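Undergrad: Listed below, chain by chain, are the residues.
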Amino acid sequence: MPATAEIDNKNVKKQPSNNRFMKTVKSVIKNKLSAIGLVILVFIVLAAIFAPVITSYGPNEQDLGNTHLGIGSEGHFLGTDNYGRDMWSRIVHGASISLLVGISSVGIGLIGGIVLGLLAGYYRKLDGIIMRIVDLLFAFPGILLAMLVIAMLGTSLINVVIAISIWSIPGCARIVRGSVLSIKEQEYIMAMKSIGASDVRILFKHILPNCTAPLIVYGTMRMATTILSTSALSYLGLGAQPPTPEWGAMIAAGQNFMWQAPHLAIIPGIAIMLTVFAFNVVGDGLRDALDPNMDLNT
Amino acid sequence: MENQTQLLEVKNVKKHFPIKGGLLQRPKSFVKAVNGVDLTVYEGETVGIVGESGCGKSTLGRLVIGLEKLTEGTISFGGESIGDLPDRKLKKYKSNLQMIFQDPFASLNPRQKIGDALEEVFVIHSNMNKAERKAKVQSLLQEVGLKEEHYDRFPHEFSGGQRQRVGIARALALNPSLIVCDEAVSALDVSVQAQIMKLLKKLQTKYNLTYLFISHDLGVVRYMSDRVLVMYLGAQAEMGDSHKIYNNPLHPYTKALLSAIPRTNPKHKSERIKLKGDLPSASDYPKGCPFHTRCPIAQAHCAEVVPEWREVEENHFVACHEV
Chain E
1 MPATAEIDNK
11 NVKKQPSNNR
21 FMKTVKSVIK
31 NKLSAIGLVI
41 LVFIVLAAIF
51 APVITSYGPN
61 EQDLGNTHLG
71 IGSEGHFLGT
81 DNYGRDMWSR
91 IVHGASISLL
101 VGISSVGIGL
111 IGGIVLGLLA
121 GYYRKLDGII
131 MRIVDLLFAF
141 PGILLAMLVI
151 AMLGTSLINV
161 VIAISIWSIP
171 GCARIVRGSV
181 LSIKEQEYIM
191 AMKSIGASDV
201 RILFKHILPN
211 CTAPLIVYGT
221 MRMATTILST
231 SALSYLGLGA
241 QPPTPEWGAM
251 IAAGQNFMWQ
261 APHLAIIPGI
271 AIMLTVFAFN
281 VVGDGLRDAL
291 DPNMDLNT
Chain R
1 MENQTQLLEV
11 KNVKKHFPIK
21 GGLLQRPKSF
31 VKAVNGVDLT
41 VYEGETVGIV
51 GESGCGKSTL
61 GRLVIGLEKL
71 TEGTISFGGE
81 SIGDLPDRKL
91 KKYKSNLQMI
101 FQDPFASLNP
111 RQKIGDALEE
121 VFVIHSNMNK
131 AERKAKVQSL
141 LQEVGLKEEH
151 YDRFPHEFSG
161 GQRQRVGIAR
171 ALALNPSLIV
181 CDEAVSALDV
191 SVQAQIMKLL
201 KKLQTKYNLT
211 YLFISHDLGV
221 VRYMSDRVLV
231 MYLGAQAEMG
241 DSHKIYNNPL
251 HPYTKALLSA
261 IPRTNPKHKS
271 ERIKLKGDLP
281 SASDYPKGCP
291 FHTRCPIAQA
301 HCAEVVPEWR
311 EVEENHFVAC
321 HEV
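Heads up: the protein sequence lines correspond to chains E and R, in order. Everything in the first sequence is counted per the numbering used here, starting at 1 for the first residue and increasing by one. Everything in the second sequence is counted per the numbering used here, starting at 1 for the first residue and increasing by one.
Check the hints yourself; a few may be wrong.
[Said to hold, decoys possible] Subject to a maximum C-alpha distance of 20 Å in a straight line, what follows is the list of computed EDC-like cross-link-like pairs (lysine to aspartate or glutamate):
(1) 23(E) with 157(R)
(2) 244(R) with 226(R)
(3) 91(R) with 284(E)
(4) 136(R) with 116(R)
(5) 20(R) with 68(R)
(6) 28(R) with 87(R)
(7) 92(R) with 61(E)
(8) 193(E) with 183(R)
Source of the hints: derived by calculation from the structure; they are not laboratory data. Nothing here was measured: the structure is a model prediction, and the numbers come from that model.
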């Protein structure tokens, strides 16, 4: 150990024991609204995962002797619909459908957007072509684009996922491209090039990990939009088909009985509202927590 | 100098960056960042490159390690011209030439541990297994005055001087013969500067390294270099042994540059040569001698004829009509 290095060795900080993830969660919770959102989200996710355990009836189990039961009825605390199906069971199973559709379409959208964004940001020659395609996608109103895709592929939940994924790609591509443009000029990228690292290695090992923060925020916010759009498409009859317990489809079925049993339309409506609200406020909290101006490294 | 092995030869190298404009993004004009530089570097020596901001010294460094493509001229390393090397050989070439970067805060990936960052060099260039790589990295860390336990730390846990040591370790990892130090100590404070320069000198004798030492700091370059190249606006102004340049500067630009060094002896009065005007834009390159717009001794023909690169005494070259 040369004596010369000892002076600057003293400046070494202790390795922080709490990692980045815990730090982010903590600063999200600091905001009360985001904390509420996070609690709702955890509740919804747990409900979706344990749906068969916490319900006593199947979501499609009919009991034609007990139709249109109101809220608070014995054995069916959220009542039953026009076929006597338990509303609580349908809502809980609907949560898993909404989350699955949300996660898969946001996931596919992110993967597509990341690949396009990385290519556009890193290779100047591809930039023009890719971003013009992205602009083209941007020009369509999202729901119209989704309806167009469904009109071509047919109505089903899978096709809803495909339609909404395509719609998630351009926003993500934009965000990634912007980050790549600034990161690729950093000296550590130059250093990797001078070492002789391949483009794939630089892109996925050095550039991508440094643009995750805006992607996490985008993904969370996007979940809200996706769930809302899935319900909207199902409500219009373009997504989940009966008897699937999808929230939007449930509203569409329930609205015929608005006067006899208003809870049939209102309860799934509240479920959609709470989920979208939760994702939005958590997204807001994450955006504050992952603000690029705030140095996460200190 | 002649009996030494020639390691790097830079011949009439030019790098022009296009300025694109108009609807079709055609190049409208060019920024002449490097405009005709000749340089021979021998094994084991340190060549300093000085000049003010924007004179093309960093671009020259990047051209040498292959980060930028040449517009004109040739660069040969160990007798092989790198312009016409196939990609596979280029990787081998690149491992022989490394760079130490200016900003120690920007030259390390903030999301990567120091150990992983250094190991990555071996992942790319060798077939070592994890344990071998780790051992190699730990010996490298010791080599540059860091400790083994620094292996698991992130860059933000280090001071500027320590990060620069990591940068040196990374440059050293592949046993290169030439290291380009691009303002390697400029971002550090003076006491750390001295430590890093000592470390660089120690490593040079130990591994017979050759340095291309780029800096705007004349004092640092004098301490480090055997020979010095003075650059002005992408062109070479003067080149020679360090003591010749510092004691007997010939080019009016070198004289002005050296007169700007603060004197340590207040009684020693020396005349400060003040240059008039600003550095001309490299996109609107002056005709004739690039320095004639600010030169105190400029004549009429300086604005017309590009001065020749002449050897005025042994190993002392200058590009000026009036010397």
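Undergrad: Need the status of pair residue 23(E), residue 157(R): alpha-carbon distance at most 20 Å?
TA: Since the Cα atoms of residue 23(E) and residue 157(R) sit roughly 17 Å apart, the hinted pair holds (cutoff 20 Å).
Undergrad: Hinted pair, alpha-carbon criterion (20 Å max): residue 244(R), residue 226(R). Please report holds or violated.
TA: Given that 20 Å is the threshold and the Cα spacing comes to 10 Å, the pair holds.
Undergrad: Between residue 92(R) and residue 61(E), is the straight-line Cα distance small enough, at 20 Å or below?
TA: Not satisfied, since the Cα-Cα distance of roughly 69 Å exceeds 20 Å.
Undergrad: Keeping to a limit of 20 Å between CA atoms, is the pair of residue 136(R) and residue 116(R) held or broken?
TA: 12 Å, holds
Undergrad: With the threshold set at 20 Å, check whether the alpha-carbon distance from residue 193(E) to residue 183(R) stays at or below it.
TA: The given pair, whose Cα atoms are some 18 Å apart, holds under the 20 Å limit.
Undergrad: Take the C-alpha atoms of residue 28(R) and residue 87(R), compute the straight-line distance between them, and say whether it is at most 20 Å.
TA: 31 Å, violated
Undergrad: Check whether the Cα positions of residue 91(R) and residue 284(E) lie no farther apart than 20 Å.
TA: 46 Å, violated
Undergrad: Would you mind confirming whether the straight-line C-alpha gap from residue 20(R) to residue 68(R) stays at or under 20 Å?
TA: Within the cut-off at roughly 18 Å; holds.
Of the numbered hints given earlier, the model fails hints 3, 6, 7; all others are met.
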